[in-house]
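Engineer: Please build the complex by placing chain B on the supplied structure of chain A, with the hints as guidance.
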Amino acid sequence: DTAVSQTPKYLVTQMGNDKSIKCEQNLGHDTMYWYKQDSKKFLKIMFSYNNKELIINETVPNRFSPKSPDKAHLNLHINSLELGDSAVYFCASSLAVSSYEQYFGPGTRLTVT
Amino acid sequence: GDSVTQMEGPVTLSEEAFLTINCTYTATGYPSLFWYVQYPGEGLQLLLKATKADDKGSNKGFEATYRKETTSFHLEKGSVQVSDSAVYFCALATPTGDYKLSFGAGTTVTVRA
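Chains A and B are the protein sequences, given in the same order.
For what it's worth, my numbering labels the leading residue of the first sequence as 25, then goes sequentially.
For what it's worth, my numbering labels the leading residue of the second sequence as 22, then goes sequentially.
With the rest of the complex left out, here is chain A (with noise of 0.2 Å):
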């Protein structure tokens, strides 16, 4: 059993696209992140949410939007996409916000063109 899976794995658009990326989590975790990872492998932290409630919301373009519909997946959603965009986007859990163990999905490698 995937304990945090994440559609697609592989993401390829043009700029100018809006597309989604979708994470669940089966662990029962209460809180749910979302990270960029560019190139050189630097991993920045996006947005948390926990039990459904935005907790970080770090600074990005407006242009991302998460969306908890429970506290076991959260979406990203992206519009208007720029080549920028492109990099693996990481999914994770953890038990409670203050928990730090974290639990990664695969990554959805998105490439805009």
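It is possible that some hints are incorrect.
[Claimed, not checked] Okay, derived cross-link-like pairs now, DSBU-like style, lysine-lysine, Cα gap no bigger than 35 Å in a straight line:
#1 B:Lys89 <-> A:Lys68
#2 A:Lys60 <-> A:Lys76
#3 A:Lys76 <-> A:Lys95
#4 B:Lys70 <-> A:Lys68
[What the hints assert, rightly or not] Not the full set, but computed from the structure, chain A residues with beta-carbon under 8 Å of chain B:
#5 Phe66
#6 Ile69
#7 Ser72
#8 Ala111
#9 Phe114
#10 Val121
#11 Tyr124
#12 Gly129
Simulated from the structure, these hints should not be mistaken for lab results.
Quick reminder that beta carbons are idealized off the backbone N, C-alpha and C, glycines included.
Structural biologist: What follows is chain B alone, placed relative to chain A:
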């Protein structure tokens, strides 16, 4: 703000060699410290952690000791295998902070047979 600095890679070594990856931190208060590992094509996994000074975290033959006097949490393994080839991330969390993990830049390790 709180941050970690880890040695730059890439690091290439032969099987059975000794591995050290340096990590130092800057934090107010008493952070918890972590090492995460990212194998090729996968998400990050927690490798080990330490929550207070002089704690030693260990897993899969890797060890790291929380040194408050030198603000360090260096990762070591006595005899690496090809399967240890991965990117290693040092991370820090301040218990009364902003619920974020602060990751280092990652160190790519390649082990040759």
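Engineer: Look at each hint and say if it fits the structure.
Structural biologist: To see whether the hints hold, each was checked on the structure:
Under the criterion of a C-alpha separation no larger than 35 Å, the hint pairing B:Lys89 with A:Lys68 is consistent with the structure, at around 26 Å. Under the criterion of a C-alpha separation no larger than 35 Å, the hint pairing A:Lys60 with A:Lys76 is consistent with the structure, at around 20 Å. In summary, the hint linking A:Lys76 to A:Lys95 is supported, as the alpha carbons are separated by about 5 Å, within the 35 Å threshold. The straight-line distance between the Cα atoms of B:Lys70 and A:Lys68 is roughly 20 Å, inside the 35 Å bound, and the hint therefore holds.
Checking A:Phe66 against chain B: minimum C-beta separation of about 6 Å stays under 8 Å; hint holds. Interface restraint check: A:Ile69 against chain B, minimum CB-CB distance 6 Å, threshold 8 Å, status holds. The beta carbon of A:Ser72 is positioned within 8 Å of a beta carbon in chain B (closest approach about 7 Å), and the interface hint is therefore held. Hint status for A:Ala111 relative to chain B: violated, with the closest Cβ pair at about 14 Å, above 8 Å.
Residue-level restraint check for A:Phe114 holds (minimum Cβ-Cβ distance to chain B is 5 Å; threshold 8 Å). Residue-level restraint check for A:Val121 holds (minimum Cβ-Cβ distance to chain B is 5 Å; threshold 8 Å). Taking 8 Å as the C-beta cut-off, the interface hint given for A:Tyr124 holds, the closest approach to chain B being about 4 Å. Annotation: interface hint on A:Gly129 holds; nearest CB of chain B at approximately 5 Å, less than 8 Å.
Consistency with the previously given hints fails for number 8 only.
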